[in-house]
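Whole structure, please, built from the sequences with the hints as guidance.
So you can see what is in the structure, the chains are spelled out below.
There are 2 protein chains.
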Amino acid sequence: MRAALELFSEKGFHGTGVAEIGDRADVQRGALYYHIGSKEELLWQILGDYTRLMLAEAEQIAGGSDYPVTKLRKLIHSHVRLIIENRAAVAIQLRDGAALSGERAGELQQLRDRIQALWQQVIDAGKSSGVLRTGDHVVTNSVLGMLNSVTFWYRADGRHTPDEIADILCTTVLDGLIQPRKSTKG
Amino acid sequence: MRAALELFSEKGFHGTGVAEIGDRADVQRGALYYHIGSKEELLWQILGDYTRLMLAEAEQIAGGSDYPVTKLRKLIHSHVRLIIENRAAVAIQLRDGAALSGERAGELQQLRDRIQALWQQVIDAGKSSGVLRTGDHVVTNSVLGMLNSVTFWYRADGRHTPDEIADILCTTVLDGLIQPRKSTKG
Chain A
1 MRAALELFSE KGFHGTGVAE IGDRADVQRG ALYYHIGSKE ELLWQILGDY TRLMLAEAEQ
61 IAGGSDYPVT KLRKLIHSHV RLIIENRAAV AIQLRDGAAL SGERAGELQQ LRDRIQALWQ
121 QVIDAGKSSG VLRTGDHVVT NSVLGMLNSV TFWYRADGRH TPDEIADILC TTVLDGLIQP
181 RKSTKG
Chain B
1 MRAALELFSE KGFHGTGVAE IGDRADVQRG ALYYHIGSKE ELLWQILGDY TRLMLAEAEQ
61 IAGGSDYPVT KLRKLIHSHV RLIIENRAAV AIQLRDGAAL SGERAGELQQ LRDRIQALWQ
121 QVIDAGKSSG VLRTGDHVVT NSVLGMLNSV TFWYRADGRH TPDEIADILC TTVLDGLIQP
181 RKSTKG
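Just so you know, the sequences run in chain order A and B.
At the far end of the first sequence sits residue 186, using UniProt numbering, and the numbering has no gaps.
At the far end of the second sequence sits residue 186, using UniProt numbering, and the numbering has no gaps.
Accuracy of the hints is not assured; some may be wrong.
Copies of the same chain look alike in the list, so a pair counts if it fits in one copy or across any two.
As the list claims (entries may be wrong) - List time: in silico DSBU-like cross-link candidates among lysine-lysine, alpha-carbon distance up to 35 Å:
#1 K11 to K127
#2 K127 to K39
#3 K127 to K74
#4 K11 to K39
Keep in mind the hints are simulated off the structure, nothing from the lab.
Structure representation (structure tokens):
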């Protein structure tokens with residue numbers, strides 16, 4: 001799986017051959033299909049694994065007893081951390097997720113839909129309680145898109161830790177970029 | 001170019017053959033390389049074209065005389081509109097942009113860097129004038145990532161027009177999701 005992750009990252013799913021994966025993982029040609037199965041099976045394992053991690057954390061946060069805004073902060077922190085930890089797999093998802101087909105594609109889509117539904121549930125609760133100004137799906141889609149895109153620009157040697165990045169994004173999304181005016185009118 | 005755009009969208013850059021592009025565009029085999037050149041040349045044209053459009057609009061907005069927040073709103077509207085109009089090309093960029101090499105890769109990266117620098121310049125101006133709370137690059141990267149990700153979920157038959165989507169994203173990023181408290185304390 002590590003060999004497949006590396007090769008899919010470097011050359012894309014379609015540009016990688018099963019034999020190459022075997023070579024990199026030091027699997028004998030004869031035992032290749034016994035150990036590796038299909039390329040698509042490896043893709044499914046790589047994408048399914050981190051998506052299930054995200055879902056498990058989102059379920060725990062959304063199912064907890066915090067207020068919606070606190071849940072949203074925790075969801076953002078969890079998502080940013082997992083995106084960064086699994087950024088090679090996320091980049092493969094963004095580039096070659098469409099290469100999964102049939103049952104596996106459906107199963108991955110279901111996991112992703114369940115994560116999105118948990119975010120939507122928290123955002124809807126914030127809207128209902130009057131603390132968030134909108135529960136529009138555009139916001140849910142875009143915030144998740146923003147967090148997933150961290151994978152494109154994050155550098156391990158960059159200025160911020162994953163937690164600092166998550167803090168900046170929490171403030172941006174929840175409080176907005178515009179500096180609140182200092183109350184001078186009493 | 002339209003044939004290449006369609007095929008790269010459907011099958012990815014690496015999954016598309018030059019002969020297929022010729023077939024779809026009804027170009028005779030013998031004239032293929034005369035009309036089409038290389039697959040990479042087509043990719044460069046597709047990605048360069050929309051990126052130059054984005055750069056031209058960003059230059060006009062950033063170079064104008066509006067206040068920084070107004071410029072930021074205009075940048076968001078322009079970017080969302082161009083992302084949606086060119087969503088097939090943007091999806092190809094996100095998936096197969098890395099397939100460009102050498103001079104073309106450098107030239108595209110330069111165009112993208114110039115766009116990002118214009119956004120950063122507007123955000124820095126907002127920070128300097130005290131109206132924005134931060135000019136951190138994390139924000140610039142993330143807002144652009146958020147807008148680019150519109151291509152993943154936008155549907156032409158969805159509930160919102162591109163302009164409405166841009167409005168929702170302006171409010172989210174500039175004012176934040178948290179509803180301002182109604183001043184009851186005077």
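Structure-based check of all given hints:
{"no.": "1", "hint": "K11 to K127", "verdict": "neither (43 Å within a copy, 40 Å between copies)"}
{"no.": "2", "hint": "K127 to K39", "verdict": "neither (43 Å within a copy, 49 Å between copies)"}
{"no.": "3", "hint": "K127 to K74", "verdict": "both (17 Å within a copy, 27 Å between copies)"}
{"no.": "4", "hint": "K11 to K39", "verdict": "both (13 Å within a copy, 17 Å between copies)"}
Comparing the model with each earlier hint shows violations of hints 1, 2; every other hint is respected.
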